[in-house]
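Chain A is already provided as a structure; the job is to place chain B on it using the hints.
Below, each chain spelled out in residue letters.
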Amino acid sequence: MIRVQQEDFDAGVELEALRSRLQGTAGAVVSFIGLVRNLNEGDAITGMTLEHYPGMTEKALVEIASEASSRWNLIDAIIIHRVGPMSPNDGIVFVAAASAHRKEAFLACEYMITTLKTEAPFWKKETTSRGTRWVSQTCPESPDKPAEQSNN
Amino acid sequence: MVQLRYFASLRERLGIGEETVSLPVHVNTVAGLQLWLQERGTLWAETLADQRLLVAVNHEISERNASVSDGDEIAWLPPVTGG
Chain A
2 MIRVQQEDFD AGVELEALRS RLQGTAGAVV SFIGLVRNLN EGDAITGMTL
52 EHYPGMTEKA LVEIASEASS RWNLIDAIII HRVGPMSPND GIVFVAAASA
102 HRKEAFLACE YMITTLKTEA PFWKKETTSR GTRWVSQTCP ESPDKPAEQS
152 NN
Chain B
4 MVQLRYFASL RERLGIGEET VSLPVHVNTV AGLQLWLQER GTLWAETLAD
54 QRLLVAVNHE ISERNASVSD GDEIAWLPPV TGG
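For the protein sequence lines, the chains are A and B, in the order given.
Note that the numbering used here has the first sequence beginning at 2, numbered continuously upward.
Note that the numbering used here has the second sequence beginning at 4, numbered continuously upward.
Because the hints were derived from the structure by calculation, they are not lab data.
In silico contact screen, one side only, chain B against chain A (beta carbon under 8 Å); selected entries:
1. F10
2. A11
3. S12
4. A59
5. L80
6. P82
7. V83
8. G85
Label-pair restraints from in silico Cβ distances:
9. I64(B) - L40(A): 27 to 33 Å
10. Q41(B) - K60(A): 27 to 33 Å
11. W47(B) - L40(A): 33 to 39 Å
12. L16(A) - D53(B): 38 to 44 Å
In this text, a Cβ means the ideal position worked out from N, Cα and C, and glycines have one as well.
In isolation and in its complexed conformation, chain A is listed as follows:
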């Protein structure tokens, strides 16, 4: 299940809804929440705006969740990403993976957030005391790293 939305998400509500969908089929759920930090590159951040490419972004998220589901045999996968204006400490993204055993859920969750950060069309613009600036891509981690680990 993927969603791109302006409004905040409630991780507890999402996890509880997931748990009731699972009906006892999963032994593990691993989730990740990305938050707006109040500091970036040495500057205090007072706000952030997320832009996306409607249509293409949703398609990219579906592909990432599908790839994770098939690689790690997931029972369920969730990606919720917010767009629009946000404040420090707000949730930006929620990712969850449910599988029979914990290893697959951990690997799939890491794969989804890491791949999303390098492949899904989202752009962050942050507000500092000196004005606004587009966040530049810094040291992207390899999205294939979790996949390699799964072969060990």
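Just chain B now, with coordinates in the frame of chain A:
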């Protein structure tokens, strides 16, 4: 006609988010389209020369030799920074 879209920092630098243009007869690839747009002037020439930019044709990330034709939506994307 094709739909062209520019996102985030690119949109701000170029001062335009989307436009509809008629492809000249000699333009049939992403690279050709880019060269044609770069003839608009220094701003376009320099901005689109950034090697980090990605191009999506109909919502799929595409190589510069991908073909473009009437009805396509072609988007220029700065490096992504979500998550």
